[in-house]
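S.K.: One letter stands for each residue in the lines below.
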Amino acid sequence: MCNGFHSLINLTIISTLLHSDQRYIQALLDNDIPVVREIYNKYASKVKQYILANSGSEDDAADIFQESLVDIYNQAKHKDLQLTCPFEPFLIIVCKRKWLNELKKRGRQPVTKEVDDVSIGEDAFAMAEQLKLNNEKMQVFLQCFEKLGESCREIIRKCMSGEDQERIAEQLKVTYGYLRKKKSECMASLTQLVQQQLRTQ
Amino acid sequence: MNFTKNDIPRYLSGDMSPDEEAAFEKALQTDTELQELLNLHREVERSLQQEWGQDEQRDQLKATMQTLRQEYFGGEQQAGAQGEGKGLHAVQSGASAQQGIAGPKPGKLVSFKRYVGVAIAAAAVLIIAIFVWNPFAGNLYDKYADTQMISQVERGSHVDSVLQEATTAFNSKDFTVAAVNLAEVVQNQPDNSYALFYLGVSLLQTDQVTYARAIFEKLFKGESAFKYEACFYEALSFLKDKDKDTAKDWLEKIPADAPNYKKAQELMRKL
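Sequences listed follow chains A and B, in order. Here the numbering used here is used: position 87 in the first sequence is 87, and no number is missing along the way. Going from the second sequence to the numbering used here is simple: count from 1 and add 201.
A portion of the hints provided could be inaccurate.
[What the hints assert, rightly or not] DSS-like, lysine-lysine: derived pairs with alpha carbons at most 25 angstroms apart:
(1) A:Lys-181 to B:Lys-206
(2) A:Lys-158 to A:Lys-79
(3) A:Lys-173 to A:Lys-147
(4) A:Lys-147 to B:Lys-463
(5) B:Lys-206 to A:Lys-46
(6) B:Lys-419 to A:Lys-77
(7) B:Lys-443 to A:Lys-42
(8) A:Lys-42 to B:Lys-449
(9) B:Lys-441 to A:Lys-42
(10) B:Lys-206 to A:Lys-42
(11) B:Lys-443 to A:Lys-46
(12) A:Lys-77 to B:Lys-443
(13) A:Lys-46 to B:Lys-445
[Unchecked claim] With beta-carbon atoms standing in for the labels, derived distance ranges:
(14) A:Glu-122 to B:Pro-391: 28 to 34 angstroms
(15) A:Ser-57 to B:Glu-222: 55 to 61 angstroms
(16) B:Glu-222 to A:Arg-199: 24 to 30 angstroms
(17) A:Glu-122 to B:Glu-424: 35 to 41 angstroms
(18) A:Tyr-176 to B:Asn-207: 18 to 24 angstroms
(19) B:Asp-442 to A:Arg-108: 35 to 41 angstroms
(20) A:Gln-201 to B:Gly-423: 44 to 50 angstroms
(21) A:Lys-147 to B:Arg-243: 18 to 24 angstroms
(22) B:Asp-260 to A:Lys-42: 20 to 26 angstroms
(23) B:Tyr-462 to A:Asn-101: 47 to 53 angstroms
(24) A:Gly-121 to B:Pro-219: 38 to 44 angstroms
(25) B:Pro-219 to A:Glu-146: 20 to 26 angstroms
(26) B:Thr-411 to A:Arg-153: 47 to 53 angstroms
(27) A:Leu-172 to B:Met-469: 51 to 57 angstroms
Everything labelled a hint here was simulated from the structure, so no lab data went into it. These figures come from a predicted structure and were not determined experimentally. Note that CB positions come from ideal geometry on N, CA and C, so glycine has one too.
Looking at chain B on its own, in the form it has when it is part of the complex (with noise of 0.2 angstroms):
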């Protein structure tokens, strides 16, 4: 039997008789032609599909680049200002409608049930995060960032005593030789998110500031004790950068019931 481009819809939409599917994917083996242009069918089909299917996420992607936008493009008339007929610029003229949508909301925030559990549970370790109060010490940032490690006990594995090393470095505010040691820690035990943490937060003393955002994103990403006080030192990183909005984005995602909440809303006013 011989098929032709016009076979290739039936084929995909599932008309065709058992048989005539049989014959139809035998063909297929053969006849280079006909592959060809029912892989290209669906190229195309997907390709539209994607183009002019609804897509929630884009649009709100898109909302929220509107605000930015006017925040980092300057106050410049927008909505038609060029006439340009691109297509965002058109479809974005409802702009002002859209502004509520991309406020203060936070992007996604993780179940707080699961997170209390596992905060319970790890409790003990997050009395590490003591805070030093010094109401005379210098700007917001090293008020808030000052942290102390708490010896583990001591078990004479080899990472064991690296971790005790890299406890007395960081206490001692000697960070760059705190990063070293807590960074052959977390090699050997990548789940160890105590140690994941403190090496962010070493990082983060030693100007390593990408590096360091990246491992309090990571950890809050995930379900450790540490999520949120990852959280938090995702904010003070920012507020290093003196870019407040950002700083406070971050703090807004630290829910109510979660150890430093208090102290991340005591922040967030000085902001």
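Isolated chain A, as found in the complex (with noise of 0.2 angstroms):
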């Protein structure tokens, strides 16, 4: 707080509103849209700037924008996400991560200009790193199940979509009981593919 306030407001916020900045994490779960539009207001002129001066585009910067906020609201959907810092600089960081990982992909150089303004404590970093490692992993998953055969890939696909088994069955002329088995079978291949890539990593 700014001068002439007294500590007990600080006190009174810290015990009372505790992590206020989780309305934002909310906000992107319940499409909230007035508060999604202040996400939007506050902070993507960061990070075009940041974007921008790294070689990127005006489109570019909307993509990793709208990617970032999408893998927050999955963390916080699946992996119960709490923020223990103010949301800004979680956000950089995961949109910067964001870049610098396109920009290898694309084979260009790492690049140095920071953003301004924005202290990056070691929460964000830490907060940033938990999302960072489910993505890599997620990615492993990814390759991995693209090894598969086709018959695999698309019995697992059609599963893991929520959709019914009996009706999937249907789908591919198959019984539903050798559906379960392949299925089974084939989930059994792609986990032990995983566990050899992660071992090698």
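Please dock the two separately framed chains into a single complex, following the hints provided.
M.R.: So, in structure tokens, the structure goes:
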């Protein structure tokens, strides 16, 4: 809090409104349009500025911003993400890492120009690291999936979409029992591939 | 009995006989390799379900972001303009069709009926929100943000006298003192939405906008008598920042049967 304010206000705010920036995470989960707009309003220009300064286009910036928010959404939905730091440094660092990764894919040199006015604390790093690890793991799963035979890929993909398995069996013109057996085998192969891959990393 | 990776799916889908299942679980306790594979199997399955399963909320969020994209990242050609093959880019080529979804539709609306009950019970308290209307005053924010606290019945406890001090300070527009006092009340009575609301107003008046918003949003999520008044002040906080669009979004969340609906509509027309 700034000058003239009693430390009591600080205390109160900490005790009653712990991690108030969690509301941004909630807004992504609820598609709360005014608050999502607020996220764009406050942070889009910083991310844009960073990416433009580091050999990207405005369109790149929009993609990175959007994909980062979807990553955060996924992390919140499935891994119960709790903000232990303000939202801004966390978002900035997620976007930044995503962009560096993209540049690497395009065969460009990593960059050094930094984002202005954002101090990034340890918490933000730790949280972004967690998100990155999850993303990397997902990439391993998907890479291994691609190594499977065509019929396995089709079965796994369909079964994971949440569609009714009896209907899937019908579509694929196999019996339900066969589908289940085949799915088990395919998943076992996939898990083994993933295990091998993770061990060599 | 020896179990291998091929037994894991049968175990997970409950296809083992009770005896076999018991044996499998016993083996799990000593066989760390099997344990590891089982956990990995679960993780892979869960992750792929998340990736490929239907997620309506995620689709809605993407539609919202598609609209905001044009607003905040300029009107560059999108939908494959760059053809980098990035997931989002490809998925959202139907942007124009999705715009409608992301329009002025409020994110989520609370049950009005539930609110009516609370509102009637709290009608007396709501009178607090008397607006001093001065057509010759400065800008819209100043006109609408002006409000008064009403003295509470004096009961003589320490907290009551702090609240009394806060009221006096607030009404003489000494918002810094009011905030300090109200913060003390809120600390002792975290459920005192009256004090919390005026703490929010005091913070807003002293330019502590982030904290003020946190308070208004907390109240808006709750079911207190200040639910919609907090929503109105949240709108004002954006008006203060000259962000009329977000201000309007918040004003739209105030339903027709809320006591401050007319005021909200009036302000909306002026924006």
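S.K.: Which numbered conditions among the earlier hints are violated in the structure presented, ordered from lowest to highest?
M.R.: 4, 5, 10, 12, 24 and 25
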